[in-house]
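Participant: So the sequences go chain by chain: E and X.
In terms of my numbering, the first sequence is residues 1 to 474.
In terms of my numbering, the second sequence is residues 1001 to 1498.
Keep in mind the hints are simulated off the structure, nothing from the lab.
Model, not experiment: these values are computed from the prediction.
Quick reminder that beta carbons are idealized off the backbone N, C-alpha and C, glycines included.
There's no promise every hint is true.
As the list claims (entries may be wrong) - Here are the simulated DMTMM-like cross-link-like pairs (lysine to aspartate or glutamate), alpha carbons at most 20 Å apart as the crow flies:
1. X:K1145 with E:D188
2. X:K1079 with E:D188
3. E:K388 with X:D1031
4. X:K1330 with E:E49
As the list claims (entries may be wrong) - To be clear about the criterion: a stretch of chain X counts as covered by chain E if any three or more of its residues have a C-beta under 8 Å from a C-beta of chain E, and this derived list gives those stretches:
5. 1194–1202
6. 1269–1276
7. 1458–1467
Here's the letter readout for the chains.
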Amino acid sequence: MPFIANTDADRDAMLAAVGLERIEDLFRDVPEQHRYATLDLPEPLSELEVLREVSALADENDHLGELASFLGAGAYRHFVPSVVDFLAGRSEFYSAYTPYQPEVSQGTLQAIFEYQSMVAALTGMDAANASHYDGATATAEAVIMALNSATGNRPGGKGPRKRVVLSPALNPQYREVVHTYTQGMGLDIVGGDLIDHDFHTLLELVDEDTACVVVQNPDFLGQLHSAAEMQDLADAVHAAGALLAVSVDPISLGMFTPPGEYGVDIVMGEGQSLGNALNFGGPYLGFFAMRTADVRKSAGRIAGETVDVDGQTGYVLTLSTREQHIRRGRATSNICTNQALMALRACIYLAAMGKHGLRSVAEQCYHKAQYAATRISMIPGYQIVGEKPFFKEFVVRCPAPVHVIKDYLLMEWGIVAGYDLVDDYPELGECLLLCVTEMNTRQEIDDLVEALASVAEMVEDMELELVRELEDVR
Amino acid sequence: MIEPTVYDLSSPGRHGPLLPVLDVPEAPLPDGYLREDLLLPELSELDTVRHFVRLSQRNMGIDTNFYPLGSCTMKYNPKVNEKAAGLAGFTDLHPLQDAEMTQGAMQLLLELQVYLAEISGFDAVTLQPAAGAQGELTGVLMMRKYQLDRGETQRTKILVPDSAHGTNPATTTMSGLQVVELPSSPRGNLDLEALKANLDDTVVGLMLTNPNTLGLFEERILEITQLVHEAGGLVYGDGANMNAIVGVVKPADLGIDVMHFNLHKTFSTPHGGGGPGAGPVGVVAKLAPFLPGPVVSVEHIPDDFDDEEEHVHFDEDGDDFRLIWHMPSKSIGRVRSYYGNFGVLVRAYTYIRMHGAPGLRRIAENAVLNANYLKARLQQEASYPVAFGDRICMHEFVAQGILEGAPDIHTMDIAKRLMDYGFHPPTVYFPLIVREALMIEPTETESKATLDAFADAMIQIAREAREEPELLKDAPHSAPVKRLDEVRAARQMILCRC
């Protein structure tokens, strides 16, 4: 085997040293009748053969590198500068593990500390942790932290708060994961099925039993809420003794007001956009930022600055008495391994793009999305849904079922149109969620507009296999 | 020498990579939405490169040093894995693309589900959990829901041995269940009498790590699983230590009902400085309806299906099929977004394909041989006590930093001194039931020569402990920093440069 160094002679010498005759003797504690069960697996492959096999599987996919794409909905295509792959590919980083021994893990620890610093700066919060698995689990951990943090605030000593209010415009997958994580906790989770996305409607669900309210900004449908509107929401939530958690697109914070400036308690979200590839959904990272008062109630690894015996600055994992390896059944969460390598990529991305680079990424997304929306709104039969400003995503009401339009755009134009909202928001029938980033050229946007215009014409003429569709419905 | 932070290196006006000139007209920016300042660093590209290259040099990794961190299986990460996971057909694939466009990726997932099921003996596998701890949460939530589904609402307890990883009790609590801790026997295994005494109709199940964190195989595993089943409970297998038994025994054959795999341990995917991992979960048939979803499944296409679909597969019998996403009927729900840490799954798939059945067996055999050899040398030549050292260990063993003639020396001193010899220390002070624990897991990818060098260093350190203890007390001497003040870090709470 290529990955085993010992020779037969080595093995013989080692067996002799432990006083055994055969390798099989090492497994005498394993019940004999189950020892060496047959494994029905494909024959072993050489490196060359396995690369052929895996490449063939990769080639079977129609990936976004070869198509014009307007698909986002939680996972985004952004420019990843070359330095990110180069630096994160150094195996001194990726072949290390959790920095339990800080003196020989200063590289990892300082990178986590810098990542935490930049996430705190981006969100305007006091502190950030080393990462969660993704945006969805960061949201679930925010809810759990809020349950622990808001408990003391409940009037009249009536025990722990059990209500969690989720905005219907919070990413549907995040809402699902909150339900999964908390299913044994006896909670009352409400709000996710509201048709009306207005904050006032959401606030009607907030009562004295409410531990937290979770919203998204820009929300899942792309709508942006102003700093003033968010501040009003925060004030109302705090008046009820609950916490406000906001899921944000970190790229949007290159230009928009950081949540720390509008009274939010927890800021979390999907960090994939920060220097990580789409990777068919993972590995990604969940970022998590909070106020100092909540740090000791939070989950997950955190790096802190300290000094060594000579007084020299160094970094360690800290506040570990919150964690499972110390506190076991009373820990704030069971999380240990997180997404450190993805957080390293985010750290390198933020350092490399820096203050000016991130702002220009955000502004290009904004301008290109506005351009696309303006042009699409001029095509007869299409309508931009939503009254508020938007960042890089917006909803378009279409003149035909979205899946028909998507198929046509892909087959005839090589365009991945966007996300069909019909399953998550049935009330938004025939609505498409489009995403435009700095990766989309004006030509791609113009092609999209032309393609959508030709759909409108075909609908007018009853072409576009609509007949088949109508028959399917019948 | 300290390495300045990215903020210390920042210089106003510097910038990194540029974007193309904006090719659409600028739109007005909305009032009341914009931020005033953005406190990110301003660096040139070379500033960034030098900084992170220097940081990388302040780390030990498997590629630079022997890293026998017990229970973490720090084996070599084959480079072909990185190449496979880096293919554009995977990295540029969006998780919400239509299934017709992602059939290759879905086939890889389906095959990996099948391989992991075959390796473990389980009937179904989910690849969604992002790490071992999330796999545990997945498994325990399924056990809970299974019992509720049977109407056994009075079952609220999970039995956990005192040698278990902290994640086991933490997961139990997160699932809304109560932890009952079971003691270990004088042989280092589960105390069967204690198990019997706690098995009643309030028990959801038992969480068992086998081999356990002492590196010992449960000698009476078949009796244990039978007892739990007879009491109406389920047995959760913590697969963290699967490297000891992969290709040798299938956990399902031993009566385990549900188990997570740590792909970053057994199946060689990089640990990444603390993730990403992947924690797929295998289950017996009766638990399959409770799996989180979506999972990949096969949809057969009828013979008379007349369509020119591009991505249609053919099975062994020549029948058409395509791959679809499927939500199990009684699913606990989704445990994270999308389908799991896909890039990690590609690496594990590559590794399994290269090994096949004979290769996997050799992994376990060499991992266990390496551990026993190192254990023998430390016991015989360096007089380190080894917990339950008279038994054959599996992939790891727990030595103790207790040396005769050196009463002031502790495990932490030995660990720090190992750094000066160029070794990453073992796991220290775990499991909690062994005093001054040094948990050593060499893995199968290390050579006898490396093990000998490590044993020689441990022997030398034992001598230093008696003759020049300050060498240990002041260690490390050669690391980028000296011993760090962890108490101060927790008290001061400097968590960012802001």
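Participant: Could you check the structure against the hints above and give me the numbers of any it violates, in ascending order?
Facilitator: 2, 4, 5, 7
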